[in-house]
Amino acid sequence: MQRRSWAEPFKIKVVEHLRMTTRAERERAIVEAGYNTFLLRSDDVYIDLLTDSGTSAMSDRQWAGMMLGDEAYAGSANFYHLESAVREFYGYKHVIPTHQGRGAEHILSRSCIKPGDFVPGNMYFTTTRVHQELAGGQFVDVIIDQAHDPGSEFAFKGNVDLDKLARLIERVGARRIPYLALHATVNMAGGQPISMANAREVSALCRRHGIKVFLDATRAVENCYFIKTREPEYADRSLAEILRELCSYTDGCTMSGKKDCLVNIGGFLAVNDDDLADAARNMVVIYEGLHTYGGLAGRDMEAMAIGIHESVQYDHMHARIGQVQYLGEIIEREGVPIVRPIGGHGIFLNALEFLPNMPREQFPAQALAAALYVDSGVRAMERGAVSAGRDPETGKNSFPQLELVRLTIPRRVYTQAHMDVTAESVVALYQQRARIVGLRFTYEPKHLRFFQARFGPVEGDRVLRDQDPP
Amino acid sequence: MKTIIEPFRIKSVEPIRMTTQEQRETVLREAGFNLFLVRATDVIIDLLTDSGTGAMSSEQWAGIMRGDESYAGADSFYRFQERIRELTGFEHILPTHQGRASERILFELVGGPGKVIPNNTHFDTTRANVEHSGAAAVDLPIAEAADPACLHPFKGNMDVAALERLIADVGRERIPLVMVTITNNSGGGQPVSLENLRAVRAVCDRHGLPLFLDACRFAENAFLIKRREPGQAGRSVREIVLEMFGLADGATISAKKDGLANIGGLLLLRDETLLHRASNLLILTEGFITYGGLAGRDLEAMAQGFKEVVHEDYLAYRIRSVEYVGERLAAAGIPIMQPPGGHAIYIDAAALCPHIPREQFPGQAVVCGLYRIGGVRTVEIGSVMFGTETPPGSNRRDARSPARLELVRLAMPRRVYTQSHMDYVVEVCCELGSSRRELRGLRMVNEPPVLRHFTARFEEV
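If you're matching them up, the sequences are chains A and B in order.
For the first sequence, my numbering gives the first residue as 4, with consecutive numbering after it.
For the second sequence, my numbering gives the first residue as 3, with consecutive numbering after it.
Take the hints with a grain of salt, since some may be wrong.
Claimed, not checked - Quick list of simulated restraints, FRET-style, between CB atoms:
hint	chain 1	residue 1	chain 2	residue 2	range
1	B	V452	A	R64	53 to 61 Å
2	B	E274	A	E236	56 to 64 Å
3	A	R31	B	L249	47 to 55 Å
Claimed, not checked - To be clear about the criterion: a stretch of chain A counts as covered by chain B if any three or more of its residues have a C-beta under 8 Å from a C-beta of chain B, and this derived list gives those stretches:
hint	segment
4	61-74
5	78-90
6	100-112
Said to hold, decoys possible - Listed below are several chain A residues computed to face chain B (Cβ distance under 8 Å; list not exhaustive):
hint	residue
7	L171
8	I289
9	T418
10	Q419
Rather than coming from a laboratory, the hints here were simulated on the basis of the structure.
Beta carbons are placed, not taken as given, at the ideal position from N, Cα and C, and that holds for glycine.
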């Protein structure tokens with residue numbers, strides 16, 4: 004028999020208690036939260052799959068590093084450790100720490116984008132796009148069409164469509180494109196990877212036109228795992244080697260260390276260009292902190308440096324992605340519609356197929372996430388029309404092709420039994436899907452509305468009825 | 003008893019690496035005579051700042067282990083929120099990764115070209131954030147603040163008459179808010195009296211202006227009020243703190259000072275409209291409203307730190323240990339800013355080195371001298387940091403105007419150094435005092451456009 008288990012390459016050292024809740028308690032909690040899982044108190048949540056960002060468990064070595072924090076305001080030893088880890092594994096010349104990924108995005112957007120510029124990327128990400136827009140740029144989606152098709156089995160659904168990119172360059176001219184934002188993996192597409200071949204071609208095209216390429220390296224190591232397992236010529240290369248090659252096709256990266264780097268807080272901007280690095284250092288001191296701490300405690304830089312070393316270990320990544328696959332396979336076996344193939348950091352339920360009769364104006368993904376919480380205390384996140392927001396020109400709701408609920412798996416936190424409970428709840432809900440009621444806005448913020456929006460059911464006073472409707 | 007012993011014992015230590023004078027000479031040259039560019043391992047006693055450099059308590063470390071890292075609605079946030087509400091009386095509390103993020107959000111919302119922000123004295127990052135928004139930062143300290151030897155008990159006070167004049171000159175509609183920094187860091191860590199805060203409040207009320215506090219060192223300020231202000235001795239520090247915050251419509255706080263934390267900040271607001279706009283900006287640039295760009299554990303550390311900092315035994319020890327250094331330096335004839343403030347001793351470099359002209363940065367020369375002699379890292383608060391001060395009421399930056407004072411700040415990290423460390427620092431200062439004629443001025447060879455003191459490089463004249 005072929006051994007396929009993904010048992011964790013670690014044992015548990017510290018635990019955190021969970022509180023069990025009753026259905027009545029959860030029904031009260033979701034009403035208080037305005038049917039928005041972002042607004043639930045974590046104390047009311049049993050299994051928290053809202054995000055894999057900053058929610059991972061650190062290793063004993065990282066905790067030891069926390070005690071080695073050098074909290075000197077300038078020139079902390081931890082900064083030099085972080086700088087050398089980034090240079091060694093990502094290969095960029097200049098490293099500027101930031102308090103988290105959006106700090107790096109903020110600085111990159113402000114330094115590079117001028118009003119009227121276009122910023123192509125392989126699908127938008129919520130905060131990234133707002134930073135680009137606030138700097139006066141316009142995001143242009145150049146991801147391949149398969150990315151928008153939840154059923155497509157293509158192995159690298161995160162790839163950039165080179166024709167779309169070439170057409171954009173032709174239409175607006177390379178001088179109005181300060182850089183291309185290359186996401187690896189692509190979060191909004193379901194954690195889908197890009198191939199090394201695609202990265203190489205994108206880089207060549209951009210370099211021909213003098214356009215810089217900045218990697219969103221947040222989950223780049225997870226992407227490298229897919230390159231290793233799906234792109235034959237990389238099967239025998241180490242994750243560290245693959246990562247260095249991937250980064251070599253780019254001019255720098257923004258990083259949220261809260262994902263791949265296995266920390267609860269921290270990020271960085273890394274670039275090769277000396278002038279850009281100078282400009283970024285002058286800016287980081289205003290927004291984040293002096294360039295040798297970037298708004299982080301010394302201990303957090305130390306934990307990130309150690310986390311980078313741990314993140315490229317094959318055993319770690321095999322177990323990480325193995326756990327995500329495990330959850331996805333159970334759910335899929337029971338016929339629940341999910342985004343295929345299974346991505347790196349979560350399972351994305353296809354709400355349009357899950358709730359085919361619910362109109363899109365009733366936000367099926369938002370309703371499904373709320374109902375899942377009521378059913379079992381599992382907290383997931385809407386990634387569909389609510390996240391996409393309104394069209395800045397027409398003011399109308401954008402309805403992206405993908406209307407998804409993301410079950411995001413924190414790293415090294417939950418066990419196989421937690422995954423089983425989650426799968427059981429999703430499957431049970433699928434069998435009772437006629438009981439789920441659509442939602443409408445009762446409060447809608449202007450920017451990034453998904454974080455703080457409030458909703459109410461379109462009929463009755465519950466999002467999950469006790470019985471099927473007549 | 004005269005000895006104020008520390009109201010704690012040591013639970014965890016961090017080794018200090020010793021260096022020789024020759025090694026330090028090389029380090030100094032490599033760092034372009036800017037101590038911000040020196041590696042921490044090359045420093046023996048680090049008095050660069052009291053910001054984020056304090057030692058946390060065992061209770062705070064327990065909080066660190068207890069941190070709830072949920073992205074939204076973490077328990078740690080609610081504990082933090084409860085503690086700050088109790089302490090300040092403010093209902094709306096936004097966490098930020100540190101103080102300058104609170105300032106950035108505030109001034110991005112209320113600042114802008116044509117606006118004028120009065121303050122008793124803006125600190126460096128506050129000034130940078132005000133000016134970055136296009137507004138003008140105007141300092142209105144009382145006249146006594148300019149005289150380092152003057153023994154006024156509340157040299158941090160705002161000049162209330164000057165505030166009235168400014169409002170009359172520029173018009174209230176150009177002033178989005180009045181800010182008071184407690185304690186007044188750039189002015190020597192000097193406290194602001196309750197009487198002065200009440201008077202500023204009355205002016206604000208008369209003109210319908212909101213009053214904001216830059217409240218990084220609110221507890222030290224409150225303790226100095228208790229000590230020095232007539233009629234306040236019988237009140238608890240907690241009561242005084244509540245009254246101070248009660249006078250304000252909002253506050254920015256860096257938790258890296260009186261929060262006794264290594265990272266973290268807060269923005270306190272009363273106005274609901276401003277709160278909504280600040281929340282949106284917070285989410286975009288810092289993090290979701292229940293974590294503000296911090297780990298959950300940092301919220302726990304802050305919650306506990308803000309509780310510990312108002313313990314009066316702690317504050318007595320804190321203020322007394324700063325005074326101790328001040329008394330010994332003054333006794334040895336080193337000119338310092340009098341009376342000693344809450345968090346630091348400020349050496350008057352212009353008085354110590356009259357032979358160095360102000361264009362040659364006497365403060366920076368003293369900073370380099372202290373490092374060379376004893377590996378003590380301090381910071382210049384003078385023409386390097388504030389040499390580009392904006393003249394009142396104008397938005398013009400004149401690169402050649404020197405700062406009001408040429409000071410060298412010896413900032414004391416909280417609960418980190420012992421009395422023996424302080425005795426060593428005093429010896430180093432005395433040695434510098436007796437060899438001060440040998441100190442040479444400096445010339446700036448590389449000047450960054452903003453907050454130049456962090457990354458500028460120098461050469462000896």
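Quick rundown of the hints versus the structure:
1. In this structure the supplied range 53 to 61 Å is violated for V452 (chain B) paired with R64 (chain A), their Cβ-Cβ distance being about 38 Å.
2. Hint check: E274 (chain B) to E236 (chain A), Cβ distance near 59 Å, so the stated range 56 to 64 Å holds.
3. At about 39 Å, the CB distance of R31 (chain A) to L249 (chain B) disagrees with the hint of 47 to 55 Å.
4. Only when three residues or more bring their CB closer than 8 Å to a CB of chain B does the claim for the segment 61-74 of chain A stand; here the count is 5, and the claim holds.
5. Under the rule that three or more residues need a Cβ within less than 8 Å of chain B, the assignment of the segment 78-90 of chain A holds, with 4 such residues.
6. Taking a C-beta to C-beta cut-off of 8 Å, the segment 100-112 of chain A contributes 5 residues in contact with chain B, enough for the three needed, and the coverage statement holds.
7. Annotation: interface hint on L171 (chain A) violated; nearest CB of chain B at approximately 26 Å, more than 8 Å.
8. Annotation: interface hint on I289 (chain A) holds; nearest CB of chain B at approximately 6 Å, less than 8 Å.
9. Given the 8 Å rule on beta carbons, the hint for T418 (chain A) is violated: about 17 Å separates it from the nearest Cβ of chain B.
10. At a threshold of 8 Å, the smallest CB-CB gap from Q419 (chain A) to chain B is about 21 Å, leaving the interface hint violated.
In the structure shown, a violation is registered for the earlier hints numbered 1, 3, 7, 9, 10, in ascending order.
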